[in-house]
Amino acid sequence: MAFLSVRDLKVHFPTVDGVVKATDGLSFELEKGRTLGIVGESGSGKSVSSSAILGLHRKTSAKVSGEILLDGTDLLTLSDEQMRRRRGKDVAMIFQDPLSAMHPYYSVGNQIAEAYRVHHDVSKRAAKARAVEMLDRVGIPQPDRRVDDYPHQFSGGMRQRAMIAMGLINNPSLLIADEPTTALDVTVQAQILDLLQDLQKEFESAVIIITHDLGVIAEMADEVLVMYAGRAVEYGSGNEILTHPEMPYTWGLLSSVPDVSGDTDARLIPIPGNPPSLLNPPSGCAFHPRCPHRDKVPGDLCFTTLPELAPGTRTETHLKRCHLTDPDAVYEREVLPEIAPDLVEESHS
Amino acid sequence: MSDRTSDELPVSAGMPNDDPRPRGEDPVDSDEIDYVAPLEAHAASVADPNAKPILEVRDLKMYFPVKSSGIIRRTIGQVQAVDGVSFQVPEGGSLGLVGESGCGKSTTGRLITRLYQPTGGTINFDGRDISKTSARQLKPLRREIQMIFQDPYTSLNPRHSVGSIIGAPLAIHKVVPRDKILPRVQELLDIVGLNPEHYNRYPHEFSGGQRQRIGIARALTLQPKVLVADEPVSALDVSIQAQVINLLQDVQREFNIAFLFVAHDLAVVRHFCPEIAVMYLGKIVEIADRETLYNRPNHPYTQALLSAVPDVKQAAVGGRRERIRLEGDVPSPINPPSGCRFRTRCPIAQEICARVEPPLLQIGQRHKVACHFAGELGKHPDRPVTAPLLGVDDTGAPDPGATPSPLAANEPGYSDTWYDLERKTMASA
Numbered sequence: 001m002a003f004l005s006v007r008d009l010k011v012h013f014p015t016v017d018g019v020v021k022a023t024d025g026l027s028f029e030l031e032k033g034r035t036l037g038i039v040g041e042s043g044s045g046k047s048v049s050s051s052a053i054l055g056l057h058r059k060t061s062a063k064v065s066g067e068i069l070l071d072g073t074d075l076l077t078l079s080d081e082q083m084r085r086r087r088g089k090d091v092a093m094i095f096q097d098p099l100s101a102m103h104p105y106y107s108v109g110n111q112i113a114e115a116y117r118v119h120h121d122v123s124k125r126a127a128k129a130r131a132v133e134m135l136d137r138v139g140i141p142q143p144d145r146r147v148d149d150y151p152h153q154f155s156g157g158m159r160q161r162a163m164i165a166m167g168l169i170n171n172p173s174l175l176i177a178d179e180p181t182t183a184l185d186v187t188v189q190a191q192i193l194d195l196l197q198d199l200q201k202e203f204e205s206a207v208i209i210i211t212h213d214l215g216v217i218a219e220m221a222d223e224v225l226v227m228y229a230g231r232a233v234e235y236g237s238g239n240e241i242l243t244h245p246e247m248p249y250t251w252g253l254l255s256s257v258p259d260v261s262g263d264t265d266a267r268l269i270p271i272p273g274n275p276p277s278l279l280n281p282p283s284g285c286a287f288h289p290r291c292p293h294r295d296k297v298p299g300d301l302c303f304t305t306l307p308e309l310a311p312g313t314r315t316e317t318h319l320k321r322c323h324l325t326d327p328d329a330v331y332e333r334e335v336l337p338e339i340a341p342d343l344v345e346e347s348h349s
Numbered sequence: 350m351s352d353r354t355s356d357e358l359p360v361s362a363g364m365p366n367d368d369p370r371p372r373g374e375d376p377v378d379s380d381e382i383d384y385v386a387p388l389e390a391h392a393a394s395v396a397d398p399n400a401k402p403i404l405e406v407r408d409l410k411m412y413f414p415v416k417s418s419g420i421i422r423r424t425i426g427q428v429q430a431v432d433g434v435s436f437q438v439p440e441g442g443s444l445g446l447v448g449e450s451g452c453g454k455s456t457t458g459r460l461i462t463r464l465y466q467p468t469g470g471t472i473n474f475d476g477r478d479i480s481k482t483s484a485r486q487l488k489p490l491r492r493e494i495q496m497i498f499q500d501p502y503t504s505l506n507p508r509h510s511v512g513s514i515i516g517a518p519l520a521i522h523k524v525v526p527r528d529k530i531l532p533r534v535q536e537l538l539d540i541v542g543l544n545p546e547h548y549n550r551y552p553h554e555f556s557g558g559q560r561q562r563i564g565i566a567r568a569l570t571l572q573p574k575v576l577v578a579d580e581p582v583s584a585l586d587v588s589i590q591a592q593v594i595n596l597l598q599d600v601q602r603e604f605n606i607a608f609l610f611v612a613h614d615l616a617v618v619r620h621f622c623p624e625i626a627v628m629y630l631g632k633i634v635e636i637a638d639r640e641t642l643y644n645r646p647n648h649p650y651t652q653a654l655l656s657a658v659p660d661v662k663q664a665a666v667g668g669r670r671e672r673i674r675l676e677g678d679v680p681s682p683i684n685p686p687s688g689c690r691f692r693t694r695c696p697i698a699q700e701i702c703a704r705v706e707p708p709l710l711q712i713g714q715r716h717k718v719a720c721h722f723a724g725e726l727g728k729h730p731d732r733p734v735t736a737p738l739l740g741v742d743d744t745g746a747p748d749p750g751a752t753p754s755p756l757a758a759n760e761p762g763y764s765d766t767w768y769d770l771e772r773k774t775m776a777s778a
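Protein sequences, first through last, are from chains Y and A. Counting from 1, one number per residue, gives the positions in the first sequence under the numbering used here. Counting from 350, one number per residue, gives the positions in the second sequence under the numbering used here.
I should point out that these hints are in silico values taken from the structure, not numbers from a laboratory. Every value quoted in this text rests on a predicted model; they were computed, and no experiment measured them. Certain hints may be false.
[Said to hold, decoys possible] Derived Cβ-Cβ restraints for the label pairs, each shown as a range: (1) A:E640 to Y:K59: 55 to 61 angstroms; (2) Y:R7 to A:Q427: 55 to 61 angstroms; (3) Y:R125 to A:E725: 50 to 56 angstroms; (4) A:E725 to Y:R145: 55 to 61 angstroms; (5) Y:K201 to A:N549: 53 to 59 angstroms; (6) A:N644 to Y:S65: 49 to 55 angstroms; (7) Y:K59 to A:N549: 40 to 46 angstroms; (8) Y:H120 to A:E640: 54 to 60 angstroms; (9) A:T744 to Y:R145: 31 to 37 angstroms; (10) A:Y465 to Y:R145: 35 to 41 angstroms; (11) Y:Y106 to A:I697: 39 to 45 angstroms; (12) A:L464 to Y:E202: 43 to 49 angstroms; (13) Y:R314 to A:P532: 51 to 57 angstroms.
Note that the Cβ used here is the ideal one computed from N, Cα and C, for glycine as well.
Let's have the full structure, built from the sequences with the hints guiding it.
Structural data, given as structure tokens:
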């Protein structure tokens, strides 16, 4: 059995206007030492799902159901007290915006040491020594001096490093990084991604990286989960999904981002429309109102029936939620020539 | 300029009626989202090499004072946000400004729109220097140079309807009579792909991408000649970014607007701008046409910046470029390093870099670089190429035996001759 196994996870928020189905039946597995990348637009349920793994949803405002098995234990059956003992120790999270995730009134070292003291019965001095050690490990220069600085005295990249130090101080076996580099410049982003990869190798943790940047996914993820309107729409190995995507939404994501090295003749094809409301998701396949390929599906299947997340035409482990029967052919014939004309020429010659 | 009247505004300035652009769906009552046909796909913008410059910036400087705390707030230093920047933007063309946060690219954009009074240098717009124009005289200028802001949530007044936001410039500049404002607003909404019937709605009723379209409509209201776009898509979702970039390309083509496109996303800039300037700590370190800058960058900072961008399509075909790791953070612009400002993080810096500031040297037909060791990645020379030109020896100490060559000072645009790095002589086309 996999180290982390999420089965049919649902996170529903009852509101006065109706139930917001932020995550609706999400399943995936993750082994130790591997990285899962979750991609999707805002409101696709990426962050909500990962917060559920940490047990961060208030029971009064969210209905969480399904199973989250971490090393065989279902986290959803734990009491608040039991969950608190695991949070930060077995499962840790790195948040997107380190400035708002850190307390401005406490020194960085104080906050990192606190994360250690919560789970270990050690003196303040020992915890601080451990915090210095972690700051050094994540590449903060002069950690013994900087440990007493406040978050505002750190630069954006250093703050994110400090967040990573805080997340890793208890050697968690599962690390969730929610948009860890979105607020950072590219050169700093490269530093942080390298650091995350090094630390993962060292600690053998399982990592979930949530992002909307396909480039980050391409660099980091062993497996990729594409989410749309609270559901997984494509799931498989990173390489497989980036080279042979089978779901029109993934095509849309790939074709709507320009590239630094690609052909300048490549076209930028946006996904029309806006992400759907989770209060009233579209019938059938949630992507059908924005899907340019729905006419290729006979009848009105796309409008009426939600497709299963099932293996496509390629491998058993590459799952997609789409009614198209020959997605590979459509991709090579219609999508690839537009977004990467150079690749098509190469494969022909 | 003031002889423009409403009669001259093209009535059919927008797209034809069968425009496949999506009509704005209302996220508030989006019970059903109407199907919208795929949008027209857009290839990268191309440059017209013969276009004359509409905007010429020369040695532009912006120093912000740093005040001491306490009752007597003395000026104790200066943030050199922009320090001697020169460039040209051709009529109807686009120049991209890229760099990390704090490099002065947004400040440059705001100086062009004269939201700041520059500390030094000139901004030549359509043959006039506008860098010292008084606030009163600026009013007609505002019609010519407009701005699109980064954050569509904070740049629209939540208490004004879309109609009054877009119509305000028309009323302020008295471009059209009051009763003609509404039809013009609706026409603009149509141009940017929003439903013209939605003029009486408020910003909160629109999604992020739609709000950015409202911001674009507002900027287009007065038919500007230059648009400064400050990170116009970075606050938007990826699938929406492409819609907005395509819209900007459409309006650029339609109305022949010159763009100064400020962004940190190198891929977006590559798509939108045929010419790109890379900034670091308030200075342009490299400026070139798109092909040269992305394929043969000569400055170590540009090389590091490009290598740091995660590349989907490259990774998808299995190739992963080697990253150049830059150590540390950008130094403070209050106390920038001596000589070359990049030297503290530069992998190839030598003694001369701390002593002498490298000039922005033209090394190709449309390629300038500010580096003593300019060269393609892995082919940086061992000895400073600039030393003989500057009259110093290889360590940067003054060399009495050398005769400095007259170098084109910090000039905007390109000259017909340039310094050939390979042959170490002047060359021409």
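Checked hints:
1. A:E640 to Y:K59: 55 to 61 angstroms: Cβ of A:E640 to Cβ of Y:K59: about 58 angstroms, so the range 55 to 61 angstroms holds.
2. Y:R7 to A:Q427: 55 to 61 angstroms: holds, 60 angstroms
3. Y:R125 to A:E725: 50 to 56 angstroms: Taking Cβ atoms as reference, Y:R125 and A:E725 lie about 53 angstroms apart, which means the hint holds.
4. A:E725 to Y:R145: 55 to 61 angstroms: Roughly 40 angstroms apart at Cβ, these two residues miss the hinted range, so it is violated.
5. Y:K201 to A:N549: 53 to 59 angstroms: At roughly 58 angstroms between Cβ atoms, A:N549 and Y:K201 fall inside 53 to 59 angstroms, so the hint holds.
6. A:N644 to Y:S65: 49 to 55 angstroms: Given about 53 angstroms between the Cβ atoms, the range holds.
7. Y:K59 to A:N549: 40 to 46 angstroms: holds, 42 angstroms
8. Y:H120 to A:E640: 54 to 60 angstroms: Taking Cβ atoms as reference, Y:H120 and A:E640 lie about 57 angstroms apart, which means the hint holds.
9. A:T744 to Y:R145: 31 to 37 angstroms: At 33 angstroms between Cβs, range holds.
10. A:Y465 to Y:R145: 35 to 41 angstroms: holds, 36 angstroms
11. Y:Y106 to A:I697: 39 to 45 angstroms: holds, 41 angstroms
12. A:L464 to Y:E202: 43 to 49 angstroms: holds, 48 angstroms
13. Y:R314 to A:P532: 51 to 57 angstroms: Once the Cβ atoms are compared, 54 angstroms apart, the range 51 to 57 angstroms for A:P532 and Y:R314 holds.
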